[in-house]
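*Asks:* Respectively, the protein sequence lines represent chains A and B. The first sequence begins at 1 in my numbering and counts up one residue at a time. The second sequence begins at 1 in my numbering and counts up one residue at a time.
All the pointers check out, no bait thrown in.
Calculated pairs, DMTMM-like style, for lysine to aspartate or glutamate (alpha carbon to alpha carbon, straight line, at most 25 angstroms): (1) K129(B) x E117(B); (2) K68(B) x E20(B); (3) K61(B) x E20(B); (4) K61(B) x E80(B); (5) K61(B) x D159(A); (6) K81(B) x E69(B); (7) K81(B) x E117(B); (8) K227(A) x E210(A); (9) K61(B) x D158(A); (10) K129(B) x D115(B); (11) K12(B) x D158(A); (12) K431(A) x E507(A); (13) K12(B) x D159(A); (14) K128(B) x E80(B); (15) K81(B) x D158(A).
None of these hints come from the bench; they were simulated from the model.
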Amino acid sequence: MTVAIVRFYLLANVLLVLATLVLLSVRAVSARLPRPVSYRQQLHLGCALVVGALVGPWLTLPSLGADLVPAVTQVWAAPSMEAVGVSADALAGAMISAGSPETALPLDRLMQAIAVAGLAGLAIALIRMGAGTWSVRRVLARAQLVRRSGALRILSSDDIGIPFSCWMPGACYIVVPSSLILHPRDLRIVLRHEAQHHRQGDTRVVYAMELTRGIFFLNPLMPMLLKQLRSLQEFACDEALIRERRVRVQEYCECLIRVARSAVRARRPISCLYMADPESDSLLARRIDAALAGHRERLGRWKVAVVNGVAILALLATGAGLSGSVHDRRVSFAQAQELAAVARAGSAFPIVINEQVLTELNRYLGTPDGRAFLREGLRRMGDHEELIAARLAEHGLPSELLAVPLIESGYRNLAQSPNPRHGAGIWMFIKPTARRFGLSVEAGQDERLNIASETEAAARMFSSLHAEFGDWSFALLAYNIGSAQVHRAVRKTGATDAFFAAGHGFENDPGYLARVTAAVIVLKNSQRLFP
Amino acid sequence: MAKKSGSRAIEKPLTATELEMMNVLWRIGAASVHQVIEALLPHRQLAYTSVSTMVRILEQKGYVRSRKEGRGHLYEPAIEKEAYQVASLQHLVSNVFDGTPTLLVQRLVDSEQLDAEALDQIRRALKKKDR
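Hey, can you work out the whole structure from these sequences and the hints?
*Replies:* As structure tokens, then:
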């Protein structure tokens, strides 16, 4: 859920920027057309784009593989393999990176920042709307009812200098300054103008716009987008009045100027629409220009549906594409079970999913260096896979043992390090074990570095261990700590399960058994995980 | 009829145009919208709808009451002019003269617009009040 919210917030911001640019482009192109697109249709397009920007991030394209879309943003279980905690599912330690993994940020901090920003913005928007509603209610309470028709109430107020319309649950209001009553011609135009806002749904949309502004207040283009939509509401309203409501252009423009002139610089609650904003004289001038410019081309209903549909689909597709680019690399318990089910198919090798295995899956699949380690290891494995698989088959051993060198050496043919407790070769045989299984380890000649010889020795060792314990988990544990230690562990702990013994400290490398199990799961799912 | 009380506070003050109409109603008494329009002529030419709306607003504010008369309505003041003057004066004292009536009288007396006759009338009013 956290990732979903983070993804929504980040992508919605990107899509809102795109929506703004698309709307600005459409308006710019339309203005240059011999018969420009009508303002109402531009307004519908703008609203459709905003809806698309807010819905798009919730869509994903499940058919796309994780690596088909460029991984712009990735969520990691931890910044590195070493930093993977015991609790792989916990948000603590999870990182999110944009571009390269080096730019990773703690996911919980980002989530907190988004929650703080989003909620603070929302709270500010709600407070502003609440304050606006309160001051409007005061005006409404002091105003006198002029006319009432259904849900519409026309009021006259001594407290305002500029007409406005607003919607409150259950009622649509048009409030005019009482001085306007003396000018019936202007009053008629004002009432038609404000009624048109109600008809267009502008008085309701304004609430959604303010909430969106609050939640995305950090988005630098948000004010521009909302300003465009607010101005389009006015343009569309003017256009509809002149075109459909038979208001004479000149009278209408003169009325606009008179209203703007008479409007004192009073406080204007945000949830209301004003006929003419005296603080935006450029908008007023453009509205008058547009009104005088004559009719605009109105595309047919189907054409508009197609244009809006294409715009929304383009935005949704971008959103879906981008949301596909946010890869959550962490492995959940359910995903681990799913991967294990694939690994178990047609195999008798024991593959369990427990907390340790989940942690190791996250160490290898959920960290940038873990993935790099696996990718390189699998690439090197390809060079020897045929040989090793053949030897394992000759000895009747399961192919899952290919996972052992992946964990031991990452399929790097490593020479003996100065530490004698360390092994060598891809199977990392320590000297005594190598000699026990017939490998010559002398100065100048170390047969452990001969992959075929060491693999033969490993196959014989695994055959022997499986014969001894009759269980692949105990055999793997014995490969790590030796048979004697496994027998001691069973005696001491009464373990019938290798993980139980490992959990009591009987492992040379903590988490070895879980790591090999994780590697087996990765091997069996390698096509899907590393396409 | 409680509106005739002299101490009634002004909740919704009259605008200049509303006062103009109230002055007509105080002068001619109960009147139809047409009669108000005629009384305002010739210095004020208002549309029927404007005056009709204004008197209905005055009715909602409590300054006017209406009664059905034939096909139309007759409107008459619901508050005496004197009561409105008292209420306005109280409003003026509390809002402009810091709640001090003597200050208002002082300003009035200082005003150059008061001629000897007016001052004499004030003196007589004060003497009458003393008795």
